[in-house]
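All chains should be built: construct the whole structure from the sequences, respecting the hints.
Chains C and B, in that order, are what the protein sequence lines are.
Going by my numbering, the final residue of the first sequence carries number 537, and the count climbs one at a time with no gaps.
Going by my numbering, the final residue of the second sequence carries number 537, and the count climbs one at a time with no gaps.
Derived by calculation from the structure, the hints in this document are not laboratory data.
Here a beta-carbon is modelled for each residue, glycine too, at the ideal position from N, C-alpha and C.
The reader is advised that the hints may include incorrect statements.
Heads up, simulated BS3-like pairs for lysine-lysine below, C-alpha to C-alpha not over 25 Å straight-line [claimed, not checked]: (1) B:436 <-> B:276; (2) B:229 <-> C:373; (3) C:373 <-> B:78; (4) C:272 <-> B:276.
With the Cβ distance kept under 8 Å, some of the chain B side facing chain C (calculated, not the full set) [unchecked claim]: (5) 278; (6) 284; (7) 285; (8) 289; (9) 512; (10) 513.
2 protein chains.
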Amino acid sequence: MVIEKIKQTIERENLIENKDKILVALSGGPDSVCLLHALKKLETYYNIKIYAAHLNHKIRGIEAQKDALYAAKLCDELDVPFFVKAIDVPAYAKEKKMTLEEAARKLRYDMLFEVKNRIGAKKIAVAHNLDDQAETVIMRLIRGTGITGLKGMDYKRVDGVIRPLMDTSKANIVSYCDENKLNPRIDYTNLETEYTRNKIRLKLLPFIEQEFSANIKDTISRMANVLREDSDYLEAEAQRIFEEQVLENTNETIKLDIEELKGTHSSLVKRLIRMAIKTLAGTLEGIDNVHIEDILSLIKNSKNQLKLNLPKGLMVYKTTDGLIFTFEEISFENVNYNYILEPDGYIQIDEIGMRIESKIMSKERCIALPTGQYTKAFDYDKIKGNLIVRSRLDGDRMKPMGLGGTKKLKDIFIDLKIPREKRNSIAVLSDDKGILWLMGHKISEDYKIDENTKRVIRITCKTL
Amino acid sequence: MVIEKIKQTIERENLIENKDKILVALSGGPDSVCLLHALKKLETYYNIKIYAAHLNHKIRGIEAQKDALYAAKLCDELDVPFFVKAIDVPAYAKEKKMTLEEAARKLRYDMLFEVKNRIGAKKIAVAHNLDDQAETVIMRLIRGTGITGLKGMDYKRVDGVIRPLMDTSKANIVSYCDENKLNPRIDYTNLETEYTRNKIRLKLLPFIEQEFSANIKDTISRMANVLREDSDYLEAEAQRIFEEQVLENTNETIKLDIEELKGTHSSLVKRLIRMAIKTLAGTLEGIDNVHIEDILSLIKNSKNQLKLNLPKGLMVYKTTDGLIFTFEEISFENVNYNYILEPDGYIQIDEIGMRIESKIMSKERCIALPTGQYTKAFDYDKIKGNLIVRSRLDGDRMKPMGLGGTKKLKDIFIDLKIPREKRNSIAVLSDDKGILWLMGHKISEDYKIDENTKRVIRITCKTL
Chain C
74 MVIEKIKQTI ERENLIENKD KILVALSGGP DSVCLLHALK KLETYYNIKI
124 YAAHLNHKIR GIEAQKDALY AAKLCDELDV PFFVKAIDVP AYAKEKKMTL
174 EEAARKLRYD MLFEVKNRIG AKKIAVAHNL DDQAETVIMR LIRGTGITGL
224 KGMDYKRVDG VIRPLMDTSK ANIVSYCDEN KLNPRIDYTN LETEYTRNKI
274 RLKLLPFIEQ EFSANIKDTI SRMANVLRED SDYLEAEAQR IFEEQVLENT
324 NETIKLDIEE LKGTHSSLVK RLIRMAIKTL AGTLEGIDNV HIEDILSLIK
374 NSKNQLKLNL PKGLMVYKTT DGLIFTFEEI SFENVNYNYI LEPDGYIQID
424 EIGMRIESKI MSKERCIALP TGQYTKAFDY DKIKGNLIVR SRLDGDRMKP
474 MGLGGTKKLK DIFIDLKIPR EKRNSIAVLS DDKGILWLMG HKISEDYKID
524 ENTKRVIRIT CKTL
Chain B
74 MVIEKIKQTI ERENLIENKD KILVALSGGP DSVCLLHALK KLETYYNIKI
124 YAAHLNHKIR GIEAQKDALY AAKLCDELDV PFFVKAIDVP AYAKEKKMTL
174 EEAARKLRYD MLFEVKNRIG AKKIAVAHNL DDQAETVIMR LIRGTGITGL
224 KGMDYKRVDG VIRPLMDTSK ANIVSYCDEN KLNPRIDYTN LETEYTRNKI
274 RLKLLPFIEQ EFSANIKDTI SRMANVLRED SDYLEAEAQR IFEEQVLENT
324 NETIKLDIEE LKGTHSSLVK RLIRMAIKTL AGTLEGIDNV HIEDILSLIK
374 NSKNQLKLNL PKGLMVYKTT DGLIFTFEEI SFENVNYNYI LEPDGYIQID
424 EIGMRIESKI MSKERCIALP TGQYTKAFDY DKIKGNLIVR SRLDGDRMKP
474 MGLGGTKKLK DIFIDLKIPR EKRNSIAVLS DDKGILWLMG HKISEDYKID
524 ENTKRVIRIT CKTL
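Encoded structure:
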């Protein structure tokens, strides 16, 4: 029955190909012993070749030694080529400041891939079972997750790791070992499992099995399989769109097309963001939902030239054409623009996310209307030539109201404590003669409305 | 705090628009009382108009009467236009053979939509809360589900139902009612809830809160929201592809392009299948995963002219060009084909999913090779004209080996108990003179290998 279940899993998930060399990770516990024994039985059927490897982790020395001896003896009996490596895991963990579990896991996988390469194996078979899968899904669910977490462990990873036991329950594995008189060693899974996982195994799952559904593990595993299919599709779509929308992709910087992003479903945009971060930083560690939401808001924000800091020195910039993930500072200083503002017209300046409108009216009408920080009125007949909205230029000067003389724009910025990188995002309104308005900050004496004013131009700027 | 939470929900999920008329479903219990009171408070803020409607369900008559009076009084105090309807739900349930819960639910929604239409409201606000959402997700998880189940209840349905309380916990709702001295009626939720839901509420969630995570309800709700986004994208994609791949769409029949389906990710194909069934049958009730998997296998099967029965008289046919969902019987009888089989050549007959090969060889060589049901050998020099592989024709006769005379093909089919609709899928091998082989069933005397045979033609048919 266990063999049949394993065959089903192998065939449904295409875990094995003709002539595969398969290295079994053999701890000596019931799961890996069952896995080795069953795969060995299927060696001829699938035309494969089975190997085994064991890590003597030297945790609780005598017991670890006995595990290694047991593993060697089993492989000898089963006629399976056997590899063993002894490493002082407790010493390594201490040196690297890792937990015993982390260290054992890392060293075990290092050893497995080393042997895999040496013997030219295609696959590493590990012994996670149905119970492990159900626990993993529930643990992630309790901690908070999405489809990527709920799909559980994969049957098959791109690096060659396969999990042929993942539809087989622990209970059936233990029976299989009994029936075949395999006498596996004590189950060291407890060594590797977190506190929460143990509570899920020992308290929560039995509670649900008793009160709600005896099949809960199967139910969860089936759910994970359905979700994995959806997740695979979503990831593949995101990958395709990433390649379509990426404008720049170097070790330091990834730039995505901002207009394309705005037209893409948020389900995919979130995946594109994660892909960009993972590609650059190598990991998504430290990236929470709140970071992703912040970046989504950045994309939706009408302003350009925005910046967000992520953990580990990664930054996200929004510019007129791109969403840029980078480890390098980007200076917005050099974004220049220069537009003619028609009387009774408007312009939209995407570079700084502003819309500027002008309206010509009588002085009487203008006086009845409010002005404010972003709405100012000027004597229209004092204007020479075209009205221009532009970024600051070297040597710009103006005559701020109330000062009684001219002042360099640079000094005005310094007085206003506006940092260099933000100065170009403050628009300057000028005509052929000089500057009317440092928008949002200072207006000029030269264009003010006085007793001789007849026509007024009223100018409003709004963020887009 | 409850008001702030509700505002967050309304704004994040775009539940309300300027000038909306909103009808609140008011049972008189804490949830709906809190909802009505809070929305009424927000009436000016959102520039909306609040109404309330109550169903007097006449279950436990006096209490139901008191509920109705309470609801009327509350609406009077809050200055909310109030609609009430009394229906004898127990009598209705008995008549329609429904459970009390089903009947109450149906009649309540009927009443709500009736009032909604009468007053021209855009929205019906119902009072499901955070606890309800968490329970729903866990209940579905225990029963087995996919992303569509795990996304929980929607904040906003296309029919105008909205759920502004869905991020607010029951505990906060009860406090809100206390603080505002609303004295809601006994919570009738228990009346409406299933046995399993009650156990989740009273046993499982408290257990998880105590042992694992006090925030489990929030965690689950956030997970549901993330999954809803993914689900929405997947459904929208499936809808788009459905419209692309649908070849026929009537009340009786939906035909999807089989070649396109084969190139589509199974995550979407499953959704297309569900869409087709739901469109025709009006519901997915009775459709299990096993049906969907069967239809997937049908698509992958190399044979055409296949049929599957679904519940409620719906049938799925696979033909050469389409996957057909229909309530009408389709007869495959009239699929005709006629191909020349070259000596030392092969043909592929998609109509019946067969590949047929011919090989000319010496008698000596042929004798050394096995024959069987699907591999036969004939005297090549007895063949006149072209070899033809075709569907049967009216009046076909052959001289089956051992019979000593000719027989109508029709009678052979009858003897073999091959039903009429399958007869055209059995290929006939013939030459200018007559029939060599009713493939897979009978060979002819006329072409048999004898002592004078020199060259042999060996013919094999395989399913694709």
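Checked hints:
Restraint check for residue 436 of chain B and residue 276 of chain B: not satisfied, since their Cα atoms lie roughly 80 Å apart, outside the 25 Å limit. Restraint check for residue 229 of chain B and residue 373 of chain C: the C-alpha separation of about 22 Å stays at or below 25 Å, so the hint holds. For the given pair, residue 373 of chain C sits about 23 Å from residue 78 of chain B by alpha-carbon distance, which is consistent with the 25 Å threshold. Of the pairs offered as hints, the one joining residue 272 of chain C and residue 276 of chain B holds, with about 17 Å between alpha carbons and a cut-off of 25 Å not exceeded.
At its closest, the beta carbon of residue 278 of chain B sits 12 Å from a beta carbon of chain C; the interface hint therefore is violated under the 8 Å criterion. Annotation: residue 284 of chain B was flagged as interfacial toward chain C, and the flag holds, the nearest CB pair being 6 Å apart, inside 8 Å. Because the smallest distance between the Cβ of residue 285 of chain B and any Cβ of chain C comes to about 5 Å, under 8 Å, the interface hint for this residue holds. For the restraint placing residue 289 of chain B at the interface with chain C, the shortest Cβ-Cβ distance is roughly 7 Å, inside the 8 Å limit, so the hint holds.
Because the smallest distance between the Cβ of residue 512 of chain B and any Cβ of chain C comes to about 30 Å, over 8 Å, the interface hint for this residue is violated. The restraint placing residue 513 of chain B at the interface with chain C is violated, with a minimum CB-CB distance near 27 Å, outside the 8 Å limit.
In the structure shown, a violation is registered for the earlier hints numbered 1, 5, 9, 10, in ascending order.
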